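Participant: Take each chain as given, in its own frame, and dock them per the hints.
Protein chains in written order, with the numbering used here: chain U, 1 to 158; chain Z, 1 to 327.
Calculated from the structure, these hints are not laboratory results.
These figures come from a predicted structure and were not determined experimentally.
The beta carbon of each residue, even a glycine, is placed where N, CA and C say it ideally should be.
Incorrect hints may appear among the rest.
[As the list claims (entries may be wrong)] Here are some, though not all, of the chain U residues that point toward chain Z, as calculated from beta-carbon distances under 7 angstroms:
1. V44
2. M47
3. L67
4. Y98
5. V105
6. R107
7. S108
8. Y112
9. F113
10. S123
11. A151
12. M157
[Said to hold, decoys possible] Derived lysine-lysine pairs resembling DSSO-like cross-links, with alpha carbons at most 30 angstroms apart:
13. U:K71 - Z:K294
14. U:K71 - Z:K311
15. Z:K294 - Z:K233
16. Z:K17 - Z:K151
17. Z:K233 - U:K71
18. Z:K17 - Z:K32
19. Z:K17 - Z:K33
20. Z:K151 - Z:K311
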Amino acid sequence: MSEKTGDVRQAGEASAKERNPRKLKIVGFLCNWCSYAGADLAGVSRMQYPEEIRIIRVPCSGRINPLLVLKCFQEGADGVLVSGCHPGDCHYQEGNLYARRRMLVLRSMLSYFGIDERRFHMSWVSASEGKKWADTVRSLVEDVRAAQAEAEAGVPMW
Amino acid sequence: MKQSGKAAQDIGNDTGKTAMSLRKIATELLAKKAVGLVIGYGRSPLGDAVPLLVRRAEDAQALQWNQHCTYNLVRYLTDPEVVGGPEARGGGDGSGGAKSDSGKVAVVVKGCDLKALLVLQSENQVQRERLTVIGLSCPGLTDEQGRPLSKCRDCPPDVHNPREELCDLVVGGPVSRSGSETEGQQARDHDFRDVDEIEALSPAERRVLWDGYFARCLRCYACRNVCPLCYCKECVFDQHDPRWVSPAASVASNRSFHLIRAYHLAGRCVDCGECERACPVGIPLRRINRKAAKVVEEGFHFRAGLDPQAKSPLVGFADEDPQEFIE
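Chain Z extracted, bound-state conformation (with noise of 0.2 angstroms):
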């Protein structure tokens, strides 16, 4: 996986000049030992984007960053396979400061991604100080036929740069889209408009509508695996007792899966679009969760991934929640 190519698919010279920093920083940090993985993209032999675990400094010319590079890194921070068990990660014991900076990982982030690993970081699931945290601003990135991704057509303008705060490094100046600035404010200002679309159907429509796609849903659980925020070590979904849904395929237990998987994400999904990405067969998930997003907006006044000390509302409450459904 060596390449050292000047990458053929850089979007314009800014995005070709931030790859090349991305490098020079890469190796600097690897070749101090401050840390001992830099979790980036790189090329795959048939030219995709693809994660990239780059343990050596001599590797990190491998680095790449383009309009491809879609996956959310943060989804490797807990995976052990990748950093290792709790205590690799600095848990366990509480002695995280006397262990060596090799156990300690730097991840490249987009504006988006920052925001999964912000919720991470309210949940305890990583040890921030144990992390180097790069930025990149995003141009907004395109599939294979070069069209723009649904979630970056819908991505506000503070979501193109990565927040500064909450970054240890930001590599390339900050990008402005042109014409989604205003793009962008409409989308903030008619958020959940895509929710709406279906809320405004009958239930019967509704039903027939979701139930056509899950009859295509093959549970592959391509969209479990990808979350950044589906950690738990024994997924409700793999248990065999209880068994709460079938692992068929079939309409039903489908169903069940998608709203499960929905509500375990209410209040702590940020629309990092991994999931519908991942889905083979096109089921719209960014629709379920924003849904679910958009009952703890309304009913909780929450918007996750913006603060890394607030937890999901629902693990709280409050004497003023709605209640007009009870009777």
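One chain only, chain U, in its complex shape (with noise of 0.2 angstroms):
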């Protein structure tokens, strides 16, 4: 193989990488009563948003353990989402409300020991918000990916 073609090789890799970056691996858990029915509402509505999001449904947000998070970076997820009811809407009265506390606490600890806020979003998503669910995935794998590629050039992710 010439240099040239090297060269050439080498180029058309880096312009596919920056056409075509590593996909995500993103994990939402969703409350099963507003934010799943809101993902719902945004497929049958057709409404286009990065697909590298994987959806877990759960009861409640008020379901999610801390360590449920910190078991989905540990094994390699570029970025979580915890999305709830908005509150007032809890399915279950007040699920959400301990979820509010619980993730305040997560991510301040996460961020103090280094890790990219960027990459732990929360989110209130309504049955009745389908726009506002694929805006919500759009910002978190734009900021997901930003994170990505400071930590490519520097501290890892995990």
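Facilitator: As structure tokens, this is what we get:
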């Protein structure tokens, strides 16, 4: 292989990488009653949003043990999203309010240990907010991609 | 372990006197059978201050009190091997009052230890009426080299002397540490300055700092085992199915371990500093615990270890909780 072809190939790879960055693995924990229904609405409304999120349906955002989030990161997830009903809308009255406190502490501790905060999002998405769901995923993927670019240049993700 | 000699390392006459009255009180309590067990400090054959369980009045002379009595003896109040299972502790069938007094326990606490007891009370882990709490005023403890312990350097004045209304007995007069009143006040005013220091670093710097510490962690679990508030019968770190955190001592799993350990103490840790003292590789664990405490204090306006009725904020919520981070 001549030097020239090597160069061309490398340049080709670089631009391919730019056009087609590595697919991210993002885990979304969605409460059954609001966010999952919201994501469903986005789907049936044929809204386009990045497919890099894997949705795990849980009964309530109050079900999310911080260990679940850490386990995702440990097993190689690039980002994690926790999404539940808006305050006051919880099917179990108050599960999301417990989740709000827990995730605040978890997020602060992650950041304290130098884990990029942009990798962990929380959102309130109701069953009627298909558009908000699509927007949330878009901004999440953008954030995680930015964090990933920095991580590849320097400190690894986890 | 029967030693009656005068403690060579008593801190001046005051602690010597305190130790004497402590022995007298323990002897009386055991002789009257008001309690069946006194948990205090003794001396190991090598001369170190160690926890001492006294069950017979004639053994009470071995009790000690000096500046090396660091252990938080509240740890033993949830240990079934020491105080028996829930039934012996007066729990279970709720007929606690009918049980004999020999199941009652007297425990020696410093001001900082007392705060841990208050958390155990609030979580219904001890039955306060079956305890005799003997409070000791503490002039500040030192390590083997005679340097003050880090937790004692930051100790606020209202913790030097245990709160009398929460103890059954207080031994020794109130102490005021020379020069420490102002220092303690400063400590209170600049609370969490050790945490702020780390927060001021860039994320990458924080990462390097903590990963350096986590690389040293042996996962010996000394920090967990010595903690008076880690009383779960089965700890998440011992579970095999699901195995939440790998037991391998790698940086990644150690990071999860330390994060979850601190998380489980958020709103509960009273900063008694036992984990940091017990750590064989010198990880600054208080700075991790205190970060969680700072989040809880700023977010939920709560400080642990002040009120025997107050529950951890993480088992509750408020409508006005911060949610700027939520989309």
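Participant: Against this structure, judge whether each hint is valid.
Facilitator: Now the hints, each set against the structure:
1. V44: This hint is violated: V44 (chain U) lies away from chain Z, its Cβ roughly 22 angstroms from the closest one there, beyond 7 angstroms.
2. M47: violated (17 angstroms)
3. L67: Status holds, d = 5 angstroms.
4. Y98: holds (6 angstroms)
5. V105: holds (5 angstroms)
6. R107: holds (6 angstroms)
7. S108: holds (4 angstroms)
8. Y112: Interface hint status for Y112 (chain U): holds (5 angstroms vs cutoff 7 angstroms).
9. F113: holds (5 angstroms)
10. S123: OK, holds: S123 (chain U) within 7 angstroms of chain Z, min 4 angstroms.
11. A151: Interface hint status for A151 (chain U): violated (10 angstroms vs cutoff 7 angstroms).
12. M157: With a closest approach of 10 angstroms, the M157 (chain U) hint is violated.
13. U:K71 - Z:K294: Answer holds: K71 (chain U) to K294 (chain Z) is near 25 angstroms, not above 30 angstroms.
14. U:K71 - Z:K311: holds (28 angstroms)
15. Z:K294 - Z:K233: holds (28 angstroms)
16. Z:K17 - Z:K151: Holds - the C-alpha atoms of K151 (chain Z) and K17 (chain Z) are around 25 angstroms apart, at most 30 angstroms.
17. Z:K233 - U:K71: holds (22 angstroms)
18. Z:K17 - Z:K32: The given pair, whose Cα atoms are some 23 angstroms apart, holds under the 30 angstroms limit.
19. Z:K17 - Z:K33: holds (24 angstroms)
20. Z:K151 - Z:K311: Between K151 (chain Z) and K311 (chain Z) the Cα gap is close to 24 angstroms, so the pair holds against 30 angstroms.
Hints 1, 2, 11 and 12 from the list above are not met by this structure, while the remaining hints are.
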